Amino acid sequence: MFVTTGESIMKQSIDTDTKVSCYHCGEPCREGDPTEGDLRFCCEGCRMVYLLLSAHGLDAYYSVEDMVGINRSKSVSEEDFGFLDDPMVLHHFSSFRNEGIVKISLDIPQIHCSACIWLLEHIDRLNPGIRSCRVNFLKKKASIVFDESQINLRSIVELLDRIGYGPRLNLKSLVQSKDASERLTDKKLIYQIGVAGFCFGNIMLLSFPEYLGVVRADWVRILSYINIFLSIPLLFYSGRDYLISAYKSLYARVIGIDIPIAIGMLTLFLRSIYEILSHTGDGYLDSLGGFIFFLLVGRWFQQYTFQHISFDHDYRSFFPIAVAKLEGDSWTSTAVDKVQQGDVIRIKHQGVIPCDGYIEDGVGYVDYSFVTGESRPVTLSTDQEVYAGGKQCGGAIQLRVTKEADRGYLTQLWQEEIFGDPSATHTSVFINQIGKYFTLFILLVSLGTLIYWWSIDRDIAFQSFTAVLIVACPCVLALAIPFIYGNVIRLLSHDGIYCKNTAVIERLTEVDRVVFDKTGTITDTRSSDVQYEGTPLSEEDKSIIFTLASQSYHPLSRAIVDNFHETPLLRIDNFKEEVGRGTGGMIAGREVRLGSSSFILDTDTEIDQTTVLIEIDGRVLGRYHFDNPIRPNMSSILGKLADRNLRVDLLSGDNAHELEQMEALFPSDSELLFNQSPQDKLNYIQSLREQGAIVMMVGDGLNDAGALKQSDVGVVIAQDDQFFSPACDIILSINSFAEFDRLFGFVNRARWVLYGAFAFAAFYNVIGLWFAVQGKLSPIVAAILMPASSISVILYGLLSTTLLYKFYSVKSGDRA
Amino acid sequence: MKIILLLILVSLFIAGGFLVAFFWAVGTGQYEDDYTPSVRMLFDDEVVNDHTTSESHIST
Numbered sequence: 014m015f016v017t018t019g020e021s022i023m024k025q026s027i028d029t030d031t032k033v034s035c036y037h038c039g040e041p042c043r044e045g046d047p048t049e050g051d052l053r054f055c056c057e058g059c060r061m062v063y064l065l066l067s068a069h070g071l072d073a074y075y076s077v078e079d080m081v082g083i084n085r086s087k088s089v090s091e092e093d094f095g096f097l098d099d100p101m102v103l104h105h106f107s108s109f110r111n112e113g114i115v116k117i118s119l120d121i122p123q124i125h126c127s128a129c130i131w132l133l134e135h136i137d138r139l140n141p142g143i144r145s146c147r148v149n150f151l152k153k154k155a156s157i158v159f160d161e162s163q164i165n166l167r168s169i170v171e172l173l174d175r176i177g178y179g180p181r182l183n184l185k186s187l188v189q190s191k192d193a194s195e196r197l198t199d200k201k202l203i204y205q206i207g208v209a210g211f212c213f214g215n216i217m218l219l220s221f222p223e224y225l226g227v228v229r230a231d232w233v234r235i236l237s238y239i240n241i242f243l244s245i246p247l248l249f250y251s252g253r254d255y256l257i258s259a260y261k262s263l264y265a266r267v268i269g270i271d272i273p274i275a276i277g278m279l280t281l282f283l284r285s286i287y288e289i290l291s292h293t294g295d296g297y298l299d300s301l302g303g304f305i306f307f308l309l310v311g312r313w314f315q316q317y318t319f320q321h322i323s324f325d326h327d328y329r330s331f332f333p334i335a336v337a338k339l340e341g342d343s344w345t346s347t348a349v350d351k352v353q354q355g356d357v358i359r360i361k362h363q364g365v366i367p368c369d370g371y372i373e374d375g376v377g378y379v380d381y382s383f384v385t386g387e388s389r390p391v392t393l394s395t396d397q398e399v400y401a402g403g404k405q406c407g408g409a410i411q412l413r414v415t416k417e418a419d420r421g422y423l424t425q426l427w428q429e430e431i432f433g434d435p436s437a438t439h440t441s442v443f444i445n446q447i448g449k450y451f452t453l454f455i456l457l458v459s460l461g462t463l464i465y466w467w468s469i470d471r472d473i474a475f476q477s478f479t480a481v482l483i484v485a486c487p488c489v490l491a492l493a494i495p496f497i498y499g500n501v502i503r504l505l506s507h508d509g510i511y512c513k514n515t516a517v518i519e520r521l522t523e524v525d526r527v528v529f530d531k532t533g534t535i536t537d538t539r540s541s542d543v544q545y546e547g548t549p550l551s552e553e554d555k556s557i558i559f560t561l562a563s564q565s566y567h568p569l570s571r572a573i574v575d576n577f578h579e580t581p582l583l584r585i586d587n588f589k590e591e592v593g594r595g596t597g598g599m600i601a602g603r604e605v606r607l608g609s610s611s612f613i614l615d616t617d618t619e620i621d622q623t624t625v626l627i628e629i630d631g632r633v634l635g636r637y638h639f640d641n642p643i644r645p646n647m648s649s650i651l652g653k654l655a656d657r658n659l660r661v662d663l664l665s666g667d668n669a670h671e672l673e674q675m676e677a678l679f680p681s682d683s684e685l686l687f688n689q690s691p692q693d694k695l696n697y698i699q700s701l702r703e704q705g706a707i708v709m710m711v712g713d714g715l716n717d718a719g720a721l722k723q724s725d726v727g728v729v730i731a732q733d734d735q736f737f738s739p740a741c742d743i744i745l746s747i748n749s750f751a752e753f754d755r756l757f758g759f760v761n762r763a764r765w766v767l768y769g770a771f772a773f774a775a776f777y778n779v780i781g782l783w784f785a786v787q788g789k790l791s792p793i794v795a796a797i798l799m800p801a802s803s804i805s806v807i808l809y810g811l812l813s814t815t816l817l818y819k820f821y822s823v824k825s826g827d828r829a
Numbered sequence: 728m729k730i731i732l733l734l735i736l737v738s739l740f741i742a743g744g745f746l747v748a749f750f751w752a753v754g755t756g757q758y759e760d761d762y763t764p765s766v767r768m769l770f771d772d773e774v775v776n777d778h779t780t781s782e783s784h785i786s787t
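Going down the list, the protein sequences come from chains P and A. The first sequence stops at residue 829 when you use our numbering, and every number in between is there. The second sequence stops at residue 787 when you use our numbering, and every number in between is there.
Everything labelled a hint here was simulated from the structure, so no lab data went into it. Don't take each hint at face value.
Quick list of the computed label-pair ranges, beta carbon to beta carbon [unchecked claim]:
1. A:Met768 <-> P:Ile241: 19 to 29 Å
2. P:Val227 <-> A:Phe745: 21 to 31 Å
3. P:Pro246 <-> A:Met768: 45 to 55 Å
To spell it out: a stretch of chain A is covered by chain P in this simulated footprint if at least three of its residues, at any positions, have a beta carbon under 8 Å from a beta carbon of chain P; those stretches are [claimed, not checked]:
4. 747 to 754
5. 763 to 770
These numbers come from a predicted model, not from an experiment. Glycine included, each C-beta is placed from N, C-alpha and C at the ideal position.
In isolation and in its complexed conformation, chain A is listed as follows (with noise of 0.2 Å):
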């Protein structure tokens, strides 16, 4: 039976992972707009004019 209280112990542990994971997304606002990424990710990849760099995408 101490393998059951093991399992528990460790399934509590993981369980507190996916908790941590959770306050981590509302932390960094992942929450707060759920609608413009939906559009967002459908915009085509648009061929870049020449003397535009596709440089000036890449941002912090």
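Looking at chain P on its own, in the form it has when it is part of the complex (with noise of 0.2 Å):
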């Protein structure tokens, strides 16, 4: 039944093993590509591209590393970037500007080895406007000092588009500007640790001789004094967010874990000083240090950051930047916030509409499937209706802009109360309900202390309810879930998952209900299966399909063309395209139709939108499906799943014509859901989670944006980590979704060792409060429990999720 064109295909990879890659991008080079002196290449663009380099004296770019560039004619835009003439849009990509000297950076994902770098750090070359160009490597990300007196943004951008770097321009970077925030809370913190090192480790050092007892005491009191002078910037300082959070519960009338923590930090330092300038002690401002320090070192350490993937996409990172719009009777090229109602605008081929309209000329086959997750285009004529979200799978079409572009229907959506609801993003509860109960039962232990030393000595009295409470500060606590889950989140991202903090971590132990989105998600819509069904083909009657489908903008023809190799194109006469239904033709003397089901057979009953019926003189010759194919191992990973007692549903946007086979894929106990649209989804979730469940999205894209929100953990896979993912908790790479499973295994494993790192916190809090509920509990006890408990729990927290990841993945190996 199958008739494809596999045999080309081989023939074709055999001859390229003999023959020679492109020198460029190393594509295959076929007979008739371009040459240059002894070298090949595959196409023009590579071509052009090499000439342009060569010409320059930057032919080293092929001796850092082999083949590296960039194949120009599948990165070729043909964008028309005269939107960055706008000055406003030099203003929101520019760190800095001074005296003609403009500093911008742009977001480059093309960037992959070493030559890219030395050939972006060499751009200056190639124009002498450009200053200089420094790569960020980890970050995808080339800032740029030039001249505008001598060249503009958008020659630059041109000119990266043109050796094939085109920077990364969406709605997103244009609207955009708290990068420079961001970083600066990144160092914030930075320099409290730095703060709290400097001053922890001086303390320290200032508190040996009165633990030796070697310096006289007037001596040591002098260094005491130093010491509170060190520690008034380590608690004012590097410890104020644990204090001011702490102030927040406790005005919010919520018991944390942060009110122990800053009950701590406040008595360590109270009592210090108490008694450094009573002269009746040496204080504790050395475990103060300690306590502070580790800390931050965990929040640091929780904050684990992938440099190249953002969490936090939304619709503005998917929509163009720019669209030729209509002023006069001249298409210019325009910002697309600057867009605005019964403006026309035009949209090409592959091309993101940014804003609801209604076709004013041209035939729009849009391709919803961002926005409804059905993935079969829509045919459009004039004058009807487009929504913002689709892509434009034909030729180019004209809009008459109805709704600016963050109004549109997929806007509004994006706009949905769930995405501005704080109580949608959720906090670790499990520390907080923990927080609390260690709370209460702390200063139940130190009034009862109180009391009970009051009557026999208020010295002691005072002292040992203020140890109970020192010793007792949850340190090991708030360190254990940054350092263990922490550490889980870096494991993971080894194996392409990425997890966006500790807290989805937490939650991930808990899921107990799967939801997959069907389209690009069970079924890979990057790939198209054509197959072909009826009367075997000859050679002739494959060229003669191939040149018709050729001429067709219609994407199935498109499909149709992609799935031919090396034919012969023939000439056509009497080419006609039936708008969404089907096209004929004169080829070779033979007469060809291709269409869908109504169009060949003049019946009004459609089989399958799916279908291309193929008519070579009046008679009907076979038919081609497609379909996204199912991703391999789908069935293995849904029941890996089922395995381990997760129930596992399917929502789909598309109709149900594929219900037998998501049934045969699926458990029988699995809910199968067709023909939902967004909200529907959103609301499946939403009703799933109101019946107790604990929930897992995993989605593709837009359309189930909504419901990845909506749920407990929504995980997203990613075809190239580097490219688009929208707002989620979790970004799978598509290399690591076979093995997807074994997170659960892991993570709930890891959950086991936090338990074990809460037993060894219960230990030492134990020890510590059976010195201090005697008042016994000494600076040098406390110098010693203290960070000794902490650097434990720090180093077994590391340590045993380390080693609990290596078992795991050779355990995985072995199953594999």
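The two chains are supplied separately, each in an independent frame; assemble them into the complex guided by the hints.
What follows is the structure in structure tokens.
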């Protein structure tokens, strides 16, 4: 039943092994491809880039690494960068501007190897107006300094685009300017750690003499005064976030983990000052220093960031930054946020529609898969309405805008309450609950101690009361989650599983229901499976079909064209196309028609819109089926999830034509829902959660964005982790999808590690409290006990999660 | 013993200097990219063709 062109593909790949690859990009070269001296290129674009680089003495690009160039035929955007002439746009991109010297920062996702760094950092040779360029490889950014009098932003972007490094420009890069403030908060934590480390180290050093007893008492006192001096920035700069958040939660009448932390800090500080100033003791300032320092390091560890991944993309990073707008009788490139109601804009082939509107001219083949999940393009003719977020697959169309970009249908969905509702973002509930009971317990013990000693000795009563508060300080409790789950995040990232924060790990351990989106998750939208069914085709028939299909812009025709390789094009006469139905023409003296069943058979009933019939000389030869193939090993993934007692469900925006296939794939108790709008998906997740389920939603894009956000854990499958991914909790690289269930196993065991850490904490607290309630907590006991407990828990957490990960990946290797 | 006090003050002063240096290093973004410089330093100084002047290398 299958007639594919596998034979010719094989022939081609054998040929390329013996033949040459493109000098620029490494793609196989075919007969007749351009050459330059001895060098072969796969396309004219690659040759042009080579000529440009070699003319400027940048040949060394090719010697840094072999065949590293970016294929020009693939990355050609032919974009009109006219909108970059707008001074407001430059203002958004520039981070520094003085006397004509401008510094801009651009996202260049194509950066992938050391030769990219080399070329981009030598780009000043291509145009003297560019002063310098610095690449940040991990963030895939280039910061360029240029002279405004010699070159402008548009020329720079065009130059980059010409050599295959076109920067990513989307609406978000225009709107967003929070990058700078984000970096500032990151730096603040580093500064705080620096100060805490400085103070902690020095206080510890200056406390030695008093523990060893080698220095006279009046000297010790002077050293203690220096310690007080050092502890002020320690508490009020490095520790201020904890004090502020404790104050805020007191104000909101919520008892969290921050309150015992703040109580501990303040008690340590005040009692130390009292002891030193009243000459009754030496204080516990070194414990305070260690405490704050370890807390901050833990916080830093928790904020493990994936430099090139962003978890909070929204529709703006998906929309184009500019469109061609009709002004007078000419087209000018305009930034999308300047497009207004009533404007006429032009959308090119493969362009994303940024605003709602209706078609003025041209035929729309709009792929709404990003909005609805429906994989089949919709055919629209003049005066019909199109919605923002669709992708035009045919030729260019002209639209009259009815709603601005930020008021369209898709945009409205994104602005649903759920996206602005703070309660939808979950915090670490577990640790806060523990914190609550812990605080109550400690307050009771300390009050009990106070009451017990009050009648015996008031000095001891006061001392032991504060000692209980000091020693019970939940340092270990506060460190356990950052270090253990922080390390889990780091380890998982080696497997291509990127978690947003430690709270996600915590919620993962509780997931009992996994909901999959179909399009792009279960099925692979990138490759379209074309299957032929019918009378076997001769070589001539193939050429004829190829010729006819290549005349049409219809997405299904394009898919047929992509399926043929090395088929000669023939001459075509009498070409006709009936929009959305089919095409026909005379090729090699034969009458050929290609189209939907209603077009070919002249019936009203449509068998299936994803079927194309072929008719040559009035005889129906066969049909092509189009399907997004189901990802390989999907059934094993679902099976493994079921083994872990997780219920799996399916949500699909598509119609139910794949119901049978899906029924075979999913376990029998799964819910399979089709024809789901984005709102339906969101409501479904909501209803599951109301029933008490902890839901993980696995999806791919915008149309399930609401559901992703609504779920407890939103997972996005990323085809390519440098590119687009919407708001979610976990970004899963497609390569690790097959081993996806391991995530649950690993995380569940990590939870036991965490419980182990709590057992440690309890152990230390019992010892500490034993001393404290008796009024025997000397500074030296505190100085040993507190750092020892912190360090041992940190080491235990890091080592055991790392071991667990190793053990776990070996085990899974055996299984696979 | 007075000399100890002096030494402590001097050492605190020096340590403070390092703290300031650390602030400066963070502030100028030296910890923001810890990968690219390791690649950059391995690039060979290539032979410059006649028509490209080495002046254009010198940047601000």
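Hint check:
1. Separated by about 46 Å at the C-beta atoms, Met768 (chain A) and Ile241 (chain P) break the suggested range of 19 to 29 Å.
2. Taking 21 to 31 Å as the suggested C-beta distance range, the pair Val227 (chain P) and Phe745 (chain A) conforms, at roughly 27 Å.
3. In this structure the supplied range 45 to 55 Å is violated for Pro246 (chain P) paired with Met768 (chain A), their Cβ-Cβ distance being about 37 Å.
4. Interface restraint, the stretch 747 to 754 of chain A with chain P: holds (4 residues with C-beta to C-beta distance below 8 Å; minimum three).
5. Look at the stretch 763 to 770 of chain A against chain P: 5 of its residues bring a Cβ nearer than 8 Å to a Cβ of that chain, three or more, so the hint holds.
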